[in-house]
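Novice: Sequence:
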Amino acid sequence: MLNSTQISKAILDLKNDEVIILPTDTIYGLSALWNKTNEVKINKLKNATNNKPLIVLISDIKQLDGMHIVENKAKDLLFEKLTTVIFKMNNDSQTIAVRLIEREDIKTIIDEVGPIFSTSVNKHGDKALNKKEELLNFNLNLNVYFDSEVTNTKPSKIYNSITDEWIR
Numbered sequence: 001m002l003n004s005t006q007i008s009k010a011i012l013d014l015k016n017d018e019v020i021i022l023p024t025d026t027i028y029g030l031s032a033l034w035n036k037t038n039e040v041k042i043n044k045l046k047n048a049t050n051n052k053p054l055i056v057l058i059s060d061i062k063q064l065d066g067m068h069i070v071e072n073k074a075k076d077l078l079f080e081k082l083t084t085v086i087f088k089m090n091n092d093s094q095t096i097a098v099r100l101i102e103r104e105d106i107k108t109i110i111d112e113v114g115p116i117f118s119t120s121v122n123k124h125g126d127k128a129l130n131k132k133e134e135l136l137n138f139n140l141n142l143n144v145y146f147d148s149e150v151t152n153t154k155p156s157k158i159y160n161s162i163t164d165e166w167i168r
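Going by the UniProt record's numbering, 153 is the number at position 153 of the sequence shown; the sequence numbering is gapless.
Since the hints were made in silico from the structure, they are not lab data. Check each hint, because a few of them may be wrong.
Listed below are the simulated DSS-like cross-link pairs for lysine-lysine, each with C-alpha atoms no more than 27 Å apart in a straight line [claimed, not checked]: (1) K36 to K9; (2) K88 to K107; (3) K154 to K41; (4) K41 to K15; (5) K157 to K123; (6) K75 to K88; (7) K88 to K41; (8) K75 to K62; (9) K62 to K46; (10) K154 to K88; (11) K15 to K132; (12) K157 to K41; (13) K9 to K75; (14) K75 to K107; (15) K15 to K52; (16) K88 to K73; (17) K88 to K46.
Sequences are here, hints too, so could you generate the full structure?
Specialist: Here it is, written out as structure tokens:
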């Protein structure tokens with residue numbers, strides 16, 4: 001778990017619209033506040049296309065209300081361990097992938113700043129980085145909040161509520 005100093009600093013970085021590296025329930029993630037500008041920043045760091053969808057972490061199911069998703073029974077799947085659900089948004093053309101975080105330290109951060117992006121720390125198509133030295137060297141301009149090597153390096157399960165199928 002991150003200590004209180006790390007949590008406070010991560011909150012400040014996120015509120016300043018910075019991209020940071022945070023541990024999650026699964027792997028370390030490139031994280032930033034949920035907005036279009038930060039989506040582009042993260043995809044640029046990964047050498048991915050600007051509009052590549054990213055997972056959004058929430059700390060409370062009530063945060064879905066601000067995401068304008070089409071009401072869906074699949075949101076109950078968010079309570080399953082390490083499960084991401086893809087929802088259709090009210091504007092018909094967009095989707096959003098959401099996961100309810102379990103780690104208390106990351107919940108504290110998201111409670112304070114709101115939903116955040118989280119995607120594996122790597123260049124698009126490469127394996128996810130997990131070791132401290134790799135994370136520190138991924139991009140020297142990013143603050144890394146490291147507590148220990150994540151032992152569960154398996155990514156979350158993904159359910160597409162639009163097509164009613166498990167993707168991963």
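Novice: None of the hints should be skipped; say for each whether it holds.
Specialist: Hint check results:
1. K36 to K9: 23 Å, holds
2. K88 to K107: OK: K88 and K107 at ~24 Å, within 27 Å.
3. K154 to K41: This hinted pair holds, its Cα atoms lying about 25 Å apart.
4. K41 to K15: Roughly 15 Å separates the two Cα atoms, so the pair holds.
5. K157 to K123: Holds - the C-alpha atoms of K123 and K157 are around 21 Å apart, at most 27 Å.
6. K75 to K88: This hinted pair holds, its Cα atoms lying about 11 Å apart.
7. K88 to K41: 23 Å, holds
8. K75 to K62: Given that 27 Å is the threshold and the Cα spacing comes to 11 Å, the pair holds.
9. K62 to K46: Given pair K62, K46 is violated - Cα atoms ~30 Å apart, limit 27 Å.
10. K154 to K88: 25 Å, holds
11. K15 to K132: The hint holds at about 24 Å.
12. K157 to K41: 25 Å, holds
13. K9 to K75: 31 Å, violated
14. K75 to K107: 18 Å, holds
15. K15 to K52: The hint holds at about 23 Å.
16. K88 to K73: 12 Å, holds
17. K88 to K46: 25 Å, holds
In summary, the structure is inconsistent with hints 9, 13 from the numbered list given earlier, while agreeing with the others.
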